[in-house]
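A.B. asks: Protein sequences appear in the order of chains A and B.
Heads up: the first sequence runs through residues 113 to 528, numbered per the working numbering.
Heads up: the second sequence runs through residues 922 to 1143, numbered per the working numbering.
Honestly, I wouldn't trust all of these hints.
Unchecked claim - Mimicking DMTMM-like on lysine to aspartate or glutamate, the simulated pairs with C-alpha atoms at most 25 Å apart in a straight line are:
| no. | chain 1 | residue 1 | chain 2 | residue 2 |
| --- | --- | --- | --- | --- |
| 1 | A | K120 | B | D990 |
| 2 | B | K961 | A | E523 |
| 3 | A | K126 | B | D990 |
| 4 | A | K120 | B | D987 |
| 5 | B | K952 | B | E1068 |
| 6 | A | K520 | B | E1054 |
| 7 | B | K1107 | B | D1138 |
| 8 | A | K310 | A | D327 |
| 9 | B | K1039 | A | D114 |
| 10 | A | K520 | B | E1042 |
| 11 | B | K1041 | A | E306 |
| 12 | A | K520 | B | D1131 |
| 13 | A | K120 | B | D936 |
| 14 | A | K349 | A | D175 |
| 15 | B | K944 | A | E523 |
| 16 | A | K120 | B | E1054 |
| 17 | A | K520 | B | E1046 |
| 18 | A | K349 | A | E523 |
| 19 | A | K520 | B | D938 |
| 20 | B | K1034 | A | D114 |
| 21 | A | K255 | A | D175 |
| 22 | A | K326 | B | D1058 |
| 23 | A | K520 | B | D1138 |
| 24 | B | K1034 | A | E523 |
| 25 | A | K520 | B | E1104 |
| 26 | B | K1041 | A | D114 |
| 27 | A | K520 | B | D1058 |
| 28 | A | K120 | B | D1058 |
Said to hold, decoys possible - Derived coverage of chain A by chain B (criterion: at least 3 residues anywhere in the stretch with Cβ under 8 Å from a Cβ of chain B; other residues may be distant):
| no. | region |
| --- | --- |
| 29 | 113-119 |
| 30 | 191-200 |
| 31 | 307-313 |
| 32 | 429-436 |
Simulated from the structure, these hints should not be mistaken for lab results.
Bear in mind the structure is a predicted one, so any value in this text is a computation, not a measurement.
Built from N, CA and C at the ideal position, the CB exists for glycine as well.
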Amino acid sequence: MDLRYMVKELWYRKRRTLTATIGLAVGIAILITMNALSSAYTEAARMPLKEIGADITVQVAGDVPETLTGPVFACSAVTIRKNDIDQIRMLPGIQGFAQALLVWVFDADRFTIVLGLDPSNPDGPGVLRSQVTDGRFLEKGKKEALVEASFAKNFKLKTGDTVTVAGETYPVAGIVDASRATKIAVAHIYLPMEEAQKMAAASKQVQTVSPFGKDDANILFIKAAPEQIDALAHSIKDILGDKASVATPASFLKRLGSLFALSDKFSLVTSLVVVVVTVLIVLKTMAANLTERAGEIGILKAIGWSNGNVVSQIVGESILQCFIGGILGLLFAILAASALGLMHVSIPIPWEMSPTPHFLPGGGDPVFRTLRLPVHISWQLAAFAILLSCLVGAVIGGFLSRRIARIKPSEVLRYE
Amino acid sequence: MNNHYIISAADLNKDFDSLQVVKGVNLDIGKGEFVSIVGKSGSGKTTLLSLLSGLERPSSGRITLDGRDITNSSENELALFRRDTVGFIFQSFHLIPTLSAWENVALPLFPVKMHMAKLKERALELLRQMEMEHRADHRPSTLSGGEKQRVAIARALINNPKIVFADEPTGNLDSATGEAIMETLKFLHTENGLSLVLVTHDLNLAESSDRIIHMQDGEVLS
């Protein structure tokens, strides 16, 4: 196998080389782009949960509050008992765990969404620490509140003021702008978990509809390895029963609906079709090229090249040509991915995960998380595409060269 | 077997389907001998050259080339044997169009593991002998017929062959260029002691050889 000879054969037979190389490059570009697009939708579907520091959120549906006075639970997030929480926490595969308590408070003068959280836990609503715009985040053991920026603006609250919810007054430790970061578990006021638990436990409306103990919660945030998520979701449903609402990236993917389904299935079908068409293009072009070179190959054999020498030369040429096609295809795919990365995708948030009551103005409107489509070409995908290109070259080169290498030099010379 | 012979052929026959192209040829060619095979078109001279050089297998008979019986050698064995022992010069030059002159000269030894610099040096040396060094980097499409044939002769010599087979080497050249090419071949024979088998239909060219073998209808007449 001689690299110089290979390069010259490809360089001076430009038309055929270009046909095969561009054909393969387009095929590889489509293959990479479709797979990157599919991964981008999968990644996008992870974002709503990722932004709130979780891979899984858990709620349990219950009854509608009888009267909307004082603290109540949304019917989509009623009590999750401590013993159930402890059981879930022990499930294998869990990498991070946080609990929270979402309470709607209907005071005489205003409606407030309250979220109780554990200030010392970085998972779940603990990620809001990075969204504090003024003052500081909550500190464990302190009776204080963090106020959402828009709520603070409406009610002219600032750090150091006090805010009263369900008859309790809390100093404002800081202002947080959570709405920019997430659409899930957004509240007007964030309280330490134990304060929210006390509030819920003391509420007659809560206890009537969904008996609540002081260590219970109503939203769980779980971090897990991607391959464990589905199994965990299944186990959690087994523990909490049919009314459990377990949100995972897969459930968001389903909500992306036909667009993703099309992209996902289209990606698979297109990949297969592209590989087949690409192989046929390269096969046809190379077969024509070798037929044209039959005389040349006869001469090589006449001057002392063995069958193996001829086969390795042609396979080498084929691999080199397909490698160049693969690299070119990767470059095309990078350009396509850059263009697709400018697209935005709107992920619908399930109504039960929206903290705003649907019966309030604006509460029933669909909520979307709109983000730029995160189209990235992983090095694994790039390496796979290049290896696939080389493999196509090796298989086609091997297939064609074995036939042409059997040519007898005397036959070529006889018909010259 | 006589050690003085580079080629010995005994009762050589070659059939293509029902057509007998070479009939019962017995032939010995001595080491360092310059033999011309002459005959009309279709007389079987090129087929005989193919048989003697190991390009073609006989239907029956026996061939010994450089002391080795090649009658039943496999295709690959014959290829390697040709690379080590034989040089070819063809009427149509048969240079590889994508390679430069020096690369064409070095082509037989591309599959051999040796430094490219050394191989190039050897190819350039042969081109120098052919007075073609200045055209070493030119591709065949830019060379004249005579220049192409000189490159082809250099290619035939790159492996230090014991015998060179030339099939109508001047057939595609004008008479002046043809004469020059013949002078080169004669020089290689006389100065280097190279065994040379020339196939031609031109008796004038054959006259410069040590021996002329006449062929007609597949048979050696003399």
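A.B. asks: Compare the structure with each hint and give your call.
C.D. replies: Hints and how they fare:
1. K120(A) <-> D990(B): violated (38 Å)
2. K961(B) <-> E523(A): Holds. K961(B) to E523(A) sits at ~20 Å (cutoff 25 Å).
3. K126(A) <-> D990(B): violated (44 Å)
4. K120(A) <-> D987(B): Since the Cα atoms of K120(A) and D987(B) sit roughly 36 Å apart, the hinted pair is violated (cutoff 25 Å).
5. K952(B) <-> E1068(B): Outside the cut-off at roughly 29 Å; violated.
6. K520(A) <-> E1054(B): Not satisfied, since the Cα-Cα distance of roughly 32 Å exceeds 25 Å.
7. K1107(B) <-> D1138(B): Judged against 25 Å, a Cα distance of about 28 Å means the pair is violated.
8. K310(A) <-> D327(A): holds (9 Å)
9. K1039(B) <-> D114(A): holds (15 Å)
10. K520(A) <-> E1042(B): violated (31 Å)
11. K1041(B) <-> E306(A): Outside the cut-off at roughly 86 Å; violated.
12. K520(A) <-> D1131(B): violated (31 Å)
13. K120(A) <-> D936(B): Violated. K120(A) to D936(B) sits at ~39 Å, over the 25 Å cutoff.
14. K349(A) <-> D175(A): holds (19 Å)
15. K944(B) <-> E523(A): Cα-Cα ~19 Å, so holds.
16. K120(A) <-> E1054(B): holds (21 Å)
17. K520(A) <-> E1046(B): Not satisfied, since the Cα-Cα distance of roughly 31 Å exceeds 25 Å.
18. K349(A) <-> E523(A): violated (75 Å)
19. K520(A) <-> D938(B): holds (16 Å)
20. K1034(B) <-> D114(A): Cα-Cα ~10 Å, so holds.
21. K255(A) <-> D175(A): Not OK: K255(A) and D175(A) at ~30 Å, beyond 25 Å, violated.
22. K326(A) <-> D1058(B): violated (90 Å)
23. K520(A) <-> D1138(B): holds (24 Å)
24. K1034(B) <-> E523(A): Distance ~29 Å between K1034(B) and E523(A) Cα, so the pair is violated.
25. K520(A) <-> E1104(B): violated (32 Å)
26. K1041(B) <-> D114(A): Given that 25 Å is the threshold and the Cα spacing comes to 14 Å, the pair holds.
27. K520(A) <-> D1058(B): With a Cα-Cα distance of about 30 Å, the restraint between K520(A) and D1058(B) is violated, given a limit of 25 Å.
28. K120(A) <-> D1058(B): holds (13 Å)
29. 113-119: Coverage by chain B holds here, the residue count being 4 at a Cβ distance below 8 Å.
30. 191-200: It is violated: at least three residues are needed, and the region 191-200 of chain A offers just 0 whose Cβ sits closer than 8 Å to chain B.
31. 307-313: Per the Cβ count (0), the hint is violated.
32. 429-436: Violated, because only 0 residues of the region 429-436 of chain A bring their Cβ atoms closer than 8 Å to Cβ atoms of chain B.
Taken one by one, the earlier hints fail for this structure at numbers 1, 3, 4, 5, 6, 7, 10, 11, 12, 13, 17, 18, 21, 22, 24, 25, 27, 30, 31, 32, listed in ascending order.
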